[in-house]
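Q: Next come the chains, spelled out residue by residue.
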Amino acid sequence: MKPDLLRCKRKGFRLFAEALFTLSGTVTTVVILLIILFLFKEGAGLFRSNEVEKGYSLCVHASSPVERLSPAQIKQIFDYETEWIPFRLEDLFDRYSEEELGKDYALLPGKLGEEITKEPKLVAFVPTQYVPTGLPTVRVLPGSRIGWLRFFGGKEWMPTATPAPLFGVLPLLLGTLWVSLFAILIALPLGLGATVYLSELAGEKMRRLLKPAIELLAGIPSVVYGFFGLVVLVPFLQRTGGLPVGETALAGSLILAIMALPTIITVAEDAMRNTPKALREASLALGATRWQTIYRVVFPASVSGISAAIVLGIGRAVGETMAVLMVTGNAAVMPSSLLEPVRTIPATIAAELGEAPAGGAHYQALFMLGCILFLITLLISTAAEIISGKSFYNKKGI
Amino acid sequence: MIEAKNIDFYYGDFHALKNISMKMEAHTVTAFIGPSGCGKSTFLRLFNRMNDLIDATRLTGECRIDGADIYHKSVDVDELRKKVGMVFQKPNPFPKSVFENVAYGLRVGGMTDKNRIRQRVEAALTGAALWDEVKDKLKKSAFELSGGQQQRLCIARALAISPAILLMDEPASALDPVSTSKIEDLIHVLKKEYTLVIVTHNMQQAARVSDKTGFFMLGELVEFSDTKKMFLNPEKEETQNYLTGRFG
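Chain order of the listed sequences is H and C.
Number 385 in the numbering used here belongs to position 385 of the first sequence; there are no gaps in the numbering.
Number 228 in the numbering used here belongs to position 228 of the second sequence; there are no gaps in the numbering.
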């Protein structure tokens, strides 16, 4: 009887443990998938929004040749001198007193209709509820939706411009890639150099001292790096480079490089040290020098670990927010040199999400930026996966 | 000829080898036997200076190969290791093809002529009695070979750079009996061209393959004599006890 009971108990426990593991695995996966789904759902909403601000319409004289206006054209009309006359609600308040507009602005649409009728060059930007109806002289411009092309190919990011915000993602995307690219170009030689030193050249004592120190660097909050960059690096760059502003892409790249270094060094060093001692000994016993052993045996054997390190470094650089926000100057312009301010995708999201009304086009555009960031990191890690899959160890002979 | 004179060796504070002197003639097989931790592997690794890789070691005494002190300041360790090859306890082929494993020593030695490399690789594989088994899989990963084949590949790899001396650190301890006997047969053949020094746990193996045997215990060379003599009529009591299996 008793052993049977015991066996039953054990089996019950095993089933319980299995269920627990399955459950936690499932929950984690589902939560992650839901987050991604949420990201894309919110982001996709952008392409269902109108280009003109929500709740507003553009009206012109019926005889006006204007058919459709792109956000850039609208911006041109309202911000610069053109043959067209921009007209906002404020202009109406300037011309009419409150009594003339009636209680609850009941007479407003009528007055607006008069203004439009008087001036065929007028382009009026008014709340849709006040658009004069039934007047043959007034035509409402059809609102078009924000297009993929305008979003991904747009070179201007002005999310708060009225009447029509500009959501051109190119400057942000290129800004991110620009800053990250140079960060990695700076971090890679330094990181691999430090890795080779630590794993192959440094004495045991030195290594025991340096490794924890470097690992500690990885744990410093990014805002501290940003602060350091802002207080030390930015003024230094401004002074030595004779720049109008020190907050530049270069400052961002340098800070990111410093931040990515501990990750790269730690992971790559582990990979190199994990090269079996037997392989090193085999190489050295055949008369290979230390360097020949490093580049002919240790490097190839740890290539997957090293590429993982590089990718983690890139990932860190691409996704890093705070430090970059603090030192790059945040000008959403197409990057053309390292010595000008740029703005990255994460910095944009962090800086603007607080002021974007939930559900609005701006808000959705920021989510879309998040989607882009997600896709970039997904691409990077997939690439890493493929590279490490081709590693020395798995491949049949070289 | 290999000659060790008054060798003392320390790992930190641990006195691993105590005043050992020994001479090994060219074209002979010398076996080192003894219980685990007796210092026989440490002693073997002195001759290609593999012990240099370990931190905090200290060596006193003289170690000569063909009359030259191999621990002299002017000695190029990489060159020394090209003359004194080594085969390790566990087969440790590189994660490369069979061909590249054997060619490795040639390539790091600066040989670039493809035809010469091919000839030397074939010769080395033939010398290690492996050519017939692998000639059709030279491009395959060395990991696809069996354990015994891998070990012979490691021997071929060592032979490819034509060393004068071959050190073998328990070369058959990780192998099955059939592979072991192949390695032992190989040792008999290699003796003609190389000076062999072999560490082994297996006393029968020592008896089968070696001309001379050194018995180590607790860092001391207890007895060193002709293998036949040692196995039939050991001088020391410890040797007798070890050989008859009373301890070890």
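Everything labelled a hint here was simulated from the structure, so no lab data went into it.
There may be inaccurate statements among the hints.
With a straight-line Cα cutoff of 20 Å, these simulated EDC-like cross-link-like pairs (lysine to aspartate or glutamate) come out [to be verified]:
1. H/K121 <-> H/D94
2. C/K90 <-> C/E220
3. C/K83 <-> H/E81
4. C/K73 <-> C/D132
5. C/K228 <-> C/D185
6. C/K5 <-> C/D55
7. C/K236 <-> C/D226
8. C/K139 <-> C/E122
9. C/K73 <-> C/D13
10. C/K182 <-> C/D113
11. H/K211 <-> C/D55
12. H/K121 <-> H/D79
13. H/K205 <-> C/D8
14. C/K83 <-> C/D52
15. H/K277 <-> C/D52
16. H/K121 <-> H/E156
17. C/K192 <-> C/D176
18. C/K90 <-> H/E156
19. H/K118 <-> H/E156
20. H/K205 <-> C/D13
21. C/K23 <-> C/E235
22. H/K75 <-> H/E18
23. C/K182 <-> C/D211
24. H/K277 <-> C/D185
25. C/K23 <-> C/D66
26. H/K277 <-> C/D13
27. H/K205 <-> C/E220
Computed, partial: chain H to chain C, Cβ under 7 Å [what the hints assert, rightly or not]:
28. G102
29. D104
30. L107
31. T377
Nothing here was measured: the structure is a model prediction, and the numbers come from that model.
The beta-carbon is built from N, C-alpha and C at its ideal position, and this holds for glycine as well.
Q: Evaluate each hint against the coordinates.
A: Tested hints:
About 19 Å separates the Cα atoms of H/K121 and H/D94, which keeps this hinted pair within 20 Å; it holds. Under the criterion of a C-alpha separation no larger than 20 Å, the hint pairing C/K90 with C/E220 is inconsistent with the structure, at around 25 Å. For a cut-off of 20 Å, the pair hint linking C/K83 to H/E81 is broken: about 87 Å separates their Cα positions. Proposed proximity of C/K73 and C/D132 is contradicted: the alpha carbons are some 43 Å apart, above 20 Å.
Under the criterion of a C-alpha separation no larger than 20 Å, the hint pairing C/K228 with C/D185 is consistent with the structure, at around 18 Å. A C-alpha spacing of about 23 Å is found between C/K5 and C/D55, which places the hinted pair above 20 Å, so the restraint is violated. Between the alpha carbons of C/K236 and C/D226 the distance comes to roughly 14 Å, so the proposed pair stays at or under 20 Å and holds. A threshold of 20 Å between alpha carbons decides the hint, and for C/K139 with C/E122 the separation of about 13 Å falls inside it, so the pair holds.
In summary, the hint linking C/K73 to C/D13 is not supported, as the alpha carbons are separated by about 24 Å, beyond the 20 Å threshold. A threshold of 20 Å between alpha carbons decides the hint, and for C/K182 with C/D113 the separation of about 32 Å lies outside it, so the pair is violated. For the hint linking H/K211 to C/D55, the alpha-carbon distance of about 18 Å falls within 20 Å, and the restraint holds. With a CA separation close to 16 Å, the supplied pair H/K121 and H/D79 stays within the 20 Å bound.
A C-alpha spacing of about 26 Å is found between H/K205 and C/D8, which places the hinted pair above 20 Å, so the restraint is violated. Our distance criterion of 20 Å between C-alpha atoms is met by C/K83 and C/D52, whose separation comes to about 17 Å. Of the supplied pair hints, the one linking H/K277 and C/D52 holds, its CA atoms being roughly 14 Å apart against a limit of 20 Å. A distance of roughly 27 Å separates the Cα atoms of H/K121 and H/E156; the hinted pair therefore is violated under the 20 Å criterion.
At most 20 Å may separate the alpha-carbon atoms for a hinted pair to count; C/K192 and C/D176 exceed this at roughly 26 Å. Distance hint between C/K90 and H/E156 is unfulfilled; the C-alpha atoms sit about 64 Å from each other, more than 20 Å. Taken as a hint, the H/K118 and H/E156 pair is broken in the structure, with Cα atoms around 34 Å apart against an allowance of 20 Å. A C-alpha spacing of about 18 Å is found between H/K205 and C/D13, which places the hinted pair at or below 20 Å, so the restraint holds.
Using a Cα cut-off of 20 Å, the hinted pair C/K23 and C/E235 holds, with the two alpha carbons roughly 18 Å apart. The straight-line distance between the Cα atoms of H/K75 and H/E18 is roughly 61 Å, outside the 20 Å bound, and the hint therefore fails. The suggested pairing of C/K182 with C/D211 holds, with an alpha-carbon distance near 18 Å, which does not exceed 20 Å. For the hint linking H/K277 to C/D185, the alpha-carbon distance of about 29 Å lies beyond 20 Å, and the restraint is violated.
Our distance criterion of 20 Å between C-alpha atoms is met by C/K23 and C/D66, whose separation comes to about 11 Å. Restraint check for H/K277 and C/D13: not satisfied, since their Cα atoms lie roughly 24 Å apart, outside the 20 Å limit. As the CA atoms of H/K205 and C/E220 are separated by approximately 32 Å, the hinted pair breaks the 20 Å bound. Given the 7 Å rule on beta carbons, the hint for H/G102 is violated: about 86 Å separates it from the nearest Cβ of chain C.
At a threshold of 7 Å, the smallest CB-CB gap from H/D104 to chain C is about 82 Å, leaving the interface hint violated. Because the smallest distance between the Cβ of H/L107 and any Cβ of chain C comes to about 86 Å, over 7 Å, the interface hint for this residue is violated. Interface restraint check: H/T377 against chain C, minimum CB-CB distance 30 Å, threshold 7 Å, status violated.
In terms of the numbered hints stated before, the structure departs from hints 2, 3, 4, 6, 9, 10, 13, 16, 17, 18, 19, 22, 24, 26, 27, 28, 29, 30 and 31, listed from lowest to highest.
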